[in-house]
Amino acid sequence: MTRGQHAWSWWALFFILLLFSESIRSFIDQVREDHNLSVQGEQIEDAPPELNVALGMGVFRSVIIDFLWMRASKLQRERRFYEIVQLYDLIGKLQPYNAKVWAYSAWNMAYNISVVFPPGEERWRWVKNGLERLLGPGLRYNPENLSIYKEIAWIFSHKMGGSTDDSHLLYKTKFCEWVQDIAGGEQLNARQIFLNLESEDLALKENAMKIEKRLYFELGLELGFMAQLENHPLLGPLDWRDPKAIAIYWAQRGLVIGNYGSRTVDLQRLSYQAQQHMLRQGTLVYLPATEDAPSSVVVWPDYRQAIPIHRYFLHQLEVFKRERAVDTGVRSAFRHFLVEAVRILILSGQETLAEKMFQDAKKNIPENFSEESARQLMDLTIDEQISTLGPEQFSAMVSSVLMQYYWWLAQGNDKRSKALIVHATQLWQKNIQKNATKERRINQTLDDLKKSVLKDIIHRNLFHPIMIAKLQAVLDIKPKTLETN
Amino acid sequence: MKVFNAILWDSIRHAWRLRLPFILIFLLGLVLLTLPNWVMHDGSPEGKLRIMMTYSGHLQIYALSFAALFYSIWFEKFERENKVNLLIATYPVSHHQKILARLMSYVLILWGSSLIFQAGIGFLTLRTFQQFDISIQEKSELKSRLLTVREYSPLQLIEDQDFEQKRIERQFMQAFPLNHGIATGFDLLVTPQQDPLYLRGKLMSLQDIGQAQLRFEVRHENRLVWAAEAYIQPSVEFYQLLPAELSKLSPLRLDLIQGNEEKKPLYYVQAEPLSLSRPKGSFIGNLLRATMLSSLLIFTMAAIGIFLAQILSFQGSLFTSLVIYIIGSFKQDIHELLFSSGMPNIPGFSTEQLDPSTIFYSILWKPLLFITPDFQVLNPTSKLMNGEYIPWDDFIHVGSTTLPFLCVTLLYALYFLPRQEVDKRS
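As given, the protein sequences belong to chains A and B, one line each in that order. Every letter in the first sequence is one number past the one before it in this note's numbering, and letter 473, counting from 1, is 473. Every letter in the second sequence is one number past the one before it in this note's numbering, and letter 139, counting from 1, is 139.
Hints may be right or wrong, so weigh each one.
Stated by the list, open to error - Just a sample of chain B residues kept apart from chain A, beta carbon distances all over 10 Å, derived:
id	residue
1	H14
2	N37
3	M40
4	G43
5	G47
6	H96
7	Q131
8	L337
9	L368
Claimed, not checked - From the structure, some residues in chain A lie toward chain B, with a derived Cβ separation under 8 Å:
id	residue
10	I24
11	R25
12	F27
13	F67
14	E83
15	V85
16	D89
17	N129
18	Q268
19	Y272
20	D292
21	R322
It should be emphasised that the hints constitute simulated quantities derived from the structure, not laboratory data. Idealized CB from N, CA, C, for every residue including glycine.
If we strip away everything but chain A, and leave its shape as in the complex, we get (with noise of 0.2 Å):
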C-alpha cells in the first residue's frame, strides 16, 4: 500500500466514525437533558470555575464524576469523613444543575454520616455540612427546583425538628443559640424587625438591616417573607428559634417558587406536618448555661398551633362541600386532630377556646361527634387509653402528669399549671375507683406521689438547675427538707 492509499483509509474511518458519532448525539443530548448534565446559555454565566473546566473535558467529565463518587464512598466505608465535604462539593459543581446531588449528598451527610459519631457536637456539624451544601450551591444553581426545598424542610422537620435523632435536643439548642444570636440574644419576631428597616430610628435600622443580612447570608432566610409568614391565617405563630417554623419557611418558600423536580402536594404535606409536630412540641424553652449543666432546650406543646389548624380543615370541609367531592378522609383526619387538640388545649389551660373550636367542628360535622363537650371528648378518648393500663403503669402517667406541673409552676404558668393538677388529681381518681374491687388497692395518695415526683426532679436533676432553683424558690422548699421527709 503506497503512502497516499494509507491516508485514504485513514480518512475513510474518520468519517465513518463522524457518522457514528452523530447518529448517537440525539440519543445522548436527550439523556443529558432529562438529567439535567447539559449546561446552556445562560446557566453557563453563573456555573462554577469548576464546571467550566470540566466542560473543556468533554466526555471525561462523567469519568471524573464517577471516580469522585467513587473515593466518597470509599472514604464513607472506611470512615475518613474529613474529605467528604470536598468531593462532594467537587460532584455538585460538576454537575451543578443536577438537583438530586446536592439533594443525596445533604441527605448522606445529615443522615448516615452524623449519626456514625456519638451523639454530641460531631453530629450537630454533619447535619449543619449537610444543609449548607443544600442552602449555599444547591439553591444557587436550582432555585426553582422543588425537590432542594422538599429535602431542606425534611432535614429541619425531620432531623432537627423530630425526635429519632438521639441528638435531638441539641441539634434543636444548637439551632435556638444561633437564631437567638442573630436576634441579639432574644426570640425573632420578623414582623417587627421588617417594620423596623423603614423605621426613622437610625439604631434599630441598622440593627435590623444587619439581622436580615445575617439571616438571609447564614440560613438562606429572607426576612420579607418570614415576616408574610407570620401574618398567614392558616400558618400559626412561628417561632423560628424551632427548626420545624424552618421547615414551614422552606416548604412554603418552594411552594411560592419551585415549579418543577417534584411535586407541590409533597411540600404542602411538609408543611401541614411540621404544624402539627409543633401542635405537640412546639413551646420552646431556652436554659442558658449553668455551671453545673450546658445549654439546653425543652420542648412542650404549643396549643395555639390548633387556631390555624382548625381553621385549615374548617376551610378543607368547605372546598370539599363546594367541589361535592367524597370528605370521609377530611372529616375522620378533623376528628382526629380535635382529639389531641382538646386534650393539649384543656391541659393548657385553654378549656374555654377547646370548647368553641369542638363546637364549631360538631356544628360543622355532627355525625363526626357524638360527644357533648370538649372536656366529654377528652375524658372518653383518656378513659379508652386507660382501661388497659396497670396500676404501675397508671402511676407512671400521672407521675408524668405531675412533672409537667411542677414544670410550668416553677415557670410560673399558673394557668397550665392549675389545669395539669386538676388533670392528675381526676385521673388518680379514675385509678383509684378501678382499682377499688381488686386485690391490690391503691394505698398512696396523691400527695405522696407527689411528694416523691418533687423528690426525683429534686434530686436526680430530672430539670436543668435553673428550673429546679426557680421550683424551690416557688415552693419555698429546699433539698434537705425533702430528704426529712
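Following the hints, put chain B in place on chain A, whose structure we already have.
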C-alpha cells in the same frame, strides 16, 4: 564507592543547573498558598488539618513522581541525542555505576525539595491552629490524635493498662437494607477484664415497620462462639448481655445477619469488623517507612523513565510512562469503574459496566493489571495522614508487584543497552 559518589554529586549539580529543585519548590509553594483557600473541610480543626495534609501530601507525591520521570527521561535523551556524556569523568566508569548513581541522585534531589515543602505544611498547620479558637490543652490532644499511629484490627479486648479510658465504647454503625429500607446502628460495649460485655443497639426505621428479626453472631478467629436471634422494635434501645467467658477471648468479631420469615439468613450483612484503636509503633517509625516507600516510588519512576528513554522518543517516553503511572496509581478504581456492579441510587453515577467475560478483559485488561506496578501502595500519604500504621507487609506487596518491574527495566538498561550501543557504534 568514590566513583559512585562522584557521579552522584555530578548528577545533583546538573539538576541544580537545570533549576529542577527551584521549579518543584515553586510549584509546591503555589499549591501551599492556594490550597487553604480552595479546600472545603468538615468544619473541625482536625478535619481541616487532615485534608490539607492529605491533599498536599498527594500533590507532593505526584509532583515528585512526575519530576523523577521528566528528569530521568530528559537526561537520557539529551545524552543520547547530542551524543555527549554530561558526566565529566576522568576515570573510567561502568554503565551500571552511572545509572545507579543517577537514580540515587534523583531521590536525593527530590527529597531535598520536598523537605522545604514539608516546612511549608508545618507553617500551615500552625496557622490552622491559630485560626480555630482552641485551648492549649485541646491543641496538644489534637496533635497527639493526629500523630497517633493506629492499627485497625478486629475487635481486641483491651489488655493495655495504659489506656486512659476505663470503659471503651466503639460505635458500630452499619447501614444496610432490611425488607423496607432500614438503617441500623449497634454499639458493642466492651469493658476491660472482669466487666461484662454488652451488645447495645438501636434499629433506626426509615419507614413504618413493626419489628425486624436479626441474628447476631460473635466469632473468635472465624469460629462461631455465640449466636442469638432477636426481634427488635424500631427506635427502641436493645441490650444484650454477652456471656462472661467471651471477654477472655480476643479478637472478637460481630456479624449481623438478617433473618427472613422462614428464619433463613436472607443475606449476609457485610459488617465491618469491630475495631478498637490501640497504639502501635511511633509516628517517627511510620514516617520512616512512608519515606522509604515514597523513595522507592521515585526510584521506580526514574528507572521506568531511563528504560523508556532508551527505546522511545522524548514525548513517547513521557506519554508511555505517564500512562503506566496513571494505571498503576488508579488501577483498582479503574477496574471498579469498568467492571463492578456500579453504585445504584447515586445520582449522576453511570451504572453501565463492562462484562468481565469479554476478550477485552481477559486479553488486555487483566494482563495490564498484572504487569503494572502498584503505585497505590507506594503512595503512603493517606495512611500517614490518617495516623494508620504502615505495615512492613506493604514492602512485601511492593516486592511482589513493583520490584520485578524495576529489576527488569534496570537489568535491561544496565546490560542490554550498553551492548546495543556498542553494537551500533561498531
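We went through each hint and held it up to the structure:
1. Against the 10 Å criterion, B:H14 stays outside the reach of chain A, whose nearest CB is about 36 Å from its own CB.
2. With a least CB separation of 13 Å from chain A, B:N37 remains clear of the 10 Å interface cut-off, as annotated.
3. For B:M40, the shortest C-beta to C-beta distance to chain A comes to about 5 Å, within the 10 Å cut-off, and the non-interface label is violated.
4. The Cβ of B:G43 sits about 5 Å from the closest Cβ of chain A, inside the 10 Å cut-off, so the non-interface label is violated.
5. The Cβ of B:G47 does not lie farther than 10 Å from every Cβ of chain A; its closest approach is about 4 Å, which violates its non-interface assignment.
6. Remark: the non-interface label on B:H96 is consistent with the geometry, its nearest Cβ contact in chain A lying 40 Å away (cut-off 10 Å).
7. Interface exclusion of B:Q131 from chain A stands, the closest Cβ pair being 16 Å apart, more than 10 Å.
8. With a cut of 10 Å on Cβ distances, B:L337 falls inside the contact zone with chain A, its closest approach being about 6 Å.
9. Every Cβ of chain A is farther than 10 Å from the Cβ of B:L368; the closest lies at roughly 17 Å, confirming the non-interface assignment.
10. With a cut of 8 Å, the hint placing A:I24 at the interface with chain B is violated, because the nearest CB-to-CB distance is about 14 Å.
11. Contact between A:R25 and chain B, as hinted, is not supported at the beta carbon level, the nearest pair being about 18 Å apart and thus beyond 8 Å.
12. The closest approach between the C-beta of A:F27 and any C-beta of chain B is roughly 14 Å, which is over the 8 Å cut-off, so the hint fails.
13. Among the interface hints, the one on A:F67 holds; its C-beta lies about 6 Å from the nearest C-beta in chain B, closer than the 8 Å criterion.
14. A least Cβ separation of about 5 Å between A:E83 and chain B falls short of the 8 Å threshold, and the interface hint therefore holds.
15. Interface restraint check: A:V85 against chain B, minimum CB-CB distance 5 Å, threshold 8 Å, status holds.
16. For A:D89, the shortest C-beta to C-beta distance to chain B is roughly 5 Å, which falls under 8 Å, so the interface hint holds.
17. Here the hint on A:N129 is kept, as its CB sits about 6 Å from the closest CB of chain B, short of 8 Å.
18. Checking A:Q268 against chain B: minimum C-beta separation of about 21 Å lies over 8 Å; hint violated.
19. The beta carbon of A:Y272 is not positioned within 8 Å of any beta carbon in chain B (closest approach about 18 Å), and the interface hint is therefore violated.
20. Interface restraint check: A:D292 against chain B, minimum CB-CB distance 21 Å, threshold 8 Å, status violated.
21. With a cut of 8 Å, the hint placing A:R322 at the interface with chain B is violated, because the nearest CB-to-CB distance is about 34 Å.
Violated hints for the displayed structure, listed by number in ascending order: 3, 4, 5, 8, 10, 11, 12, 18, 19, 20, 21.
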